[in-house]
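Read top to bottom, the protein sequences are chains A and B.
According to this note's numbering, the residues represented by the first sequence are 1 to 283, in order.
According to this note's numbering, the residues represented by the second sequence are 284 to 555, in order.
Everything labelled a hint here was simulated from the structure, so no lab data went into it.
One or more of the hints may lead you astray.
Part of the chain A face toward chain B, derived, beta carbon under 8 Å [as the list claims (entries may be wrong)]: (1) L15; (2) V16; (3) Y25; (4) L29; (5) F75; (6) L78; (7) S79; (8) A112; (9) M116; (10) L125; (11) A216; (12) K218; (13) T242; (14) A255.
Please read these numbers as outputs of a predicted model, since none were measured by experiment.
Ideal placement from N, C-alpha and C gives every residue a C-beta, glycine not left out.
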Amino acid sequence: MSFRIRMILPLLATLVAAVGYPLIYSFYLSLTSYKITKRWDVHFVGLNQYKDVLTNSDYWSAMKVTATFVVFGVFLELSLGLAIALALQRQKKFRDFTRSFLLSPMFITPIAVGLMFRFLLNQQLGAIPTILDKLGLSYDFFGSGKALFTMVMIDTWQWTPFMVLLILAGLESLSKQPFEAARVDGANPFYTFKRITLPMLTPILTVAILIRSLDALKVFEYVYATTRGGPGIETQTIQYFTYQTGIQYYRLGNASAMAYLLLILVMFLVIVLFKQIEKARRS
Amino acid sequence: MKGNKSSWGILGKLLISLSFLLVAMPLLWVSIASFKKGTDLNNPTQITFVPTLENWKEVFSSGIFQSAGRSAFVGVVAVSISIVLGSMGAYSISRYKTGKSLTRFGILAAQVLPPAVLVFPFLDLAYRLRLSDTLVAVIAAHLSFVLPVVTWFLIGFFDAAPKEVEEQALVDGLGRFAAFRKVVLPQVAPGVGAAAIFGFVLSWNDLFYALILAPGNAATLPVRIAGFNTFRGVELGAMCAAIIVSVVPVLITSFFIQRRLVRGISGGAVKF
Numbered sequence: 001m002s003f004r005i006r007m008i009l010p011l012l013a014t015l016v017a018a019v020g021y022p023l024i025y026s027f028y029l030s031l032t033s034y035k036i037t038k039r040w041d042v043h044f045v046g047l048n049q050y051k052d053v054l055t056n057s058d059y060w061s062a063m064k065v066t067a068t069f070v071v072f073g074v075f076l077e078l079s080l081g082l083a084i085a086l087a088l089q090r091q092k093k094f095r096d097f098t099r100s101f102l103l104s105p106m107f108i109t110p111i112a113v114g115l116m117f118r119f120l121l122n123q124q125l126g127a128i129p130t131i132l133d134k135l136g137l138s139y140d141f142f143g144s145g146k147a148l149f150t151m152v153m154i155d156t157w158q159w160t161p162f163m164v165l166l167i168l169a170g171l172e173s174l175s176k177q178p179f180e181a182a183r184v185d186g187a188n189p190f191y192t193f194k195r196i197t198l199p200m201l202t203p204i205l206t207v208a209i210l211i212r213s214l215d216a217l218k219v220f221e222y223v224y225a226t227t228r229g230g231p232g233i234e235t236q237t238i239q240y241f242t243y244q245t246g247i248q249y250y251r252l253g254n255a256s257a258m259a260y261l262l263l264i265l266v267m268f269l270v271i272v273l274f275k276q277i278e279k280a281r282r283s
Numbered sequence: 284m285k286g287n288k289s290s291w292g293i294l295g296k297l298l299i300s301l302s303f304l305l306v307a308m309p310l311l312w313v314s315i316a317s318f319k320k321g322t323d324l325n326n327p328t329q330i331t332f333v334p335t336l337e338n339w340k341e342v343f344s345s346g347i348f349q350s351a352g353r354s355a356f357v358g359v360v361a362v363s364i365s366i367v368l369g370s371m372g373a374y375s376i377s378r379y380k381t382g383k384s385l386t387r388f389g390i391l392a393a394q395v396l397p398p399a400v401l402v403f404p405f406l407d408l409a410y411r412l413r414l415s416d417t418l419v420a421v422i423a424a425h426l427s428f429v430l431p432v433v434t435w436f437l438i439g440f441f442d443a444a445p446k447e448v449e450e451q452a453l454v455d456g457l458g459r460f461a462a463f464r465k466v467v468l469p470q471v472a473p474g475v476g477a478a479a480i481f482g483f484v485l486s487w488n489d490l491f492y493a494l495i496l497a498p499g500n501a502a503t504l505p506v507r508i509a510g511f512n513t514f515r516g517v518e519l520g521a522m523c524a525a526i527i528v529s530v531v532p533v534l535i536t537s538f539f540i541q542r543r544l545v546r547g548i549s550g551g552a553v554k555f
């Protein structure tokens, strides 16, 4: 066996065991009536399971909730992240301290972030609604029509730092020459940003958007900490719905089919991401 | 538009100050609340109060440190395995293009798989092997994302490392594995460090797998914190204290790794 194979074999074997096997097993589960409470009584139901999931209006609702969450969250994080990264790049004083502090939310356990906002935004006991109330404004952060946007805000609080990190790294690796030239020509900062910074950053922005989207698709902790899917099913995301089906209702087969359908969407995004990364690596 | 340089500077400073407040205020508020009595917590805008250590006593006696210990254990085991297997594999992928772009794609895809796809097989297997509610199940599940993430990071670092030193070592008669261990690895040591920290944070923060695979006696820190999810006034303070317990080590860590992370990413860890 050649050296390179011997070097990669332990990695591959472990990945097959920890990722490949569950992946295939989960597909098998998705074709059965497996319930964790009735493990001795499993029927093969085949693709009917997928028909069940695809005709389940709650599943589509969860897809829509998740998509709304991802689109708004990632858009907000990108816009804010870009602005903050540009500001941080020019900053001279307290540089390291500001950067570490502003980046810190992305390292905090998401469940703690969720609970923190549940506490701060709680209608009766939370500081923010109470202050708003004293100002004569009444706003129920977890009320109908508002709860999903509150989730987006929580996500933005925690994950804008990730965008800042990637964009800041991107900005600092850009070649200085075009900026020098623009300065000599007396171009204004807005023009420089639109014509030089933004086009040069596009590859990194694409990757950042894809990584964040893939991650936001898995949103679970904020829902678990705050609304548990409510009011109604307004904030029931796909990951939370799958958790409910599999763990609360023991329907592992059905839940696996839900997860597999999500996987198709994820794979599509991964392929786009991979092509983008390979393109940049080759150039 | 008036492209005045100083006005952009002021706008930037304003934005940074505002972001600073937005990050600091919630954390500060929760810290203060962790020293409030139940009755004071019912009145959130009350400024003066007699501080109490009740909440902290409750949190300390709730087994939160055992949980933090378990989280640390899971993270260290998952990361150690990942660094050993990942560095060898990443070296093979980076230097010898093993499996070409298929392996690279597989490793990228593995790190973003929805946990909902993998968790039920892990749960079923844990039942069958009588490993449910143990850390073994959690470690196995964490390997499914820590290993690909760490490997991915390391591929980037090996790609960026110069080949000359290693070739010289081979000419000097070092075996290939010895060259890898004694010459190549030390070169990418900062990268290994960054990958290890990154992988550890991912494992440390995971709730989904840990909640499903070990919800009871082997609860990790996120699971324990989720257990404070209650709104009976008295436990609110304890919840705040628990949040602070989980936040403080992270704040300290991010303080130390921030500069390395920005440099690491722009210097080849993640290639764009």
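These are the hints, each one checked on the structure:
At its closest, the beta carbon of L15 (chain A) sits 6 Å from a beta carbon of chain B; the interface hint therefore holds under the 8 Å criterion. Proximity of V16 (chain A) to chain B is violated relative to the hint, the smallest CB-CB distance being about 10 Å (cut-off 8 Å). Look at Y25 (chain A): its Cβ gets to within about 4 Å of chain B, closer than 8 Å, so that hint holds up. Satisfaction of the interface hint for L29 (chain A) is found here, the shortest Cβ-Cβ separation to chain B being roughly 6 Å, below the 8 Å cut-off.
At its closest, the beta carbon of F75 (chain A) sits 17 Å from a beta carbon of chain B; the interface hint therefore is violated under the 8 Å criterion. Of the supplied interface hints, the one on L78 (chain A) is violated, with its beta-carbon coming no nearer than about 15 Å to a beta-carbon of chain B, more than 8 Å. Interface hint at S79 (chain A): violated, since its Cβ lies 12 Å from the closest Cβ of chain B, which is beyond the 8 Å cut-off. Interface restraint check for A112 (chain A): the shortest CB-CB distance to chain B comes to about 5 Å, inside 8 Å, so the restraint holds.
With a cut of 8 Å, the hint placing M116 (chain A) at the interface with chain B holds, because the nearest CB-to-CB distance is about 5 Å. The interface hint given for L125 (chain A) holds, since its Cβ lies 6 Å from the closest Cβ of chain B, which is under the 8 Å cut-off. Evaluation of the A216 (chain A) hint against chain B yields a violated restraint, the C-beta minimum of about 11 Å exceeding 8 Å. Nearest Cβ of chain B to the Cβ of K218 (chain A): about 6 Å, under the 8 Å cut. The hint holds.
Given hint, T242 (chain A) at the interface with chain B, holds; its Cβ is 4 Å from that chain's nearest Cβ, closer than 8 Å. Checking A255 (chain A) against chain B: minimum C-beta separation of about 6 Å stays under 8 Å; hint holds.
Checked against the numbered hints given earlier, this structure breaks hints 2, 5, 6, 7, 11; the rest are met.
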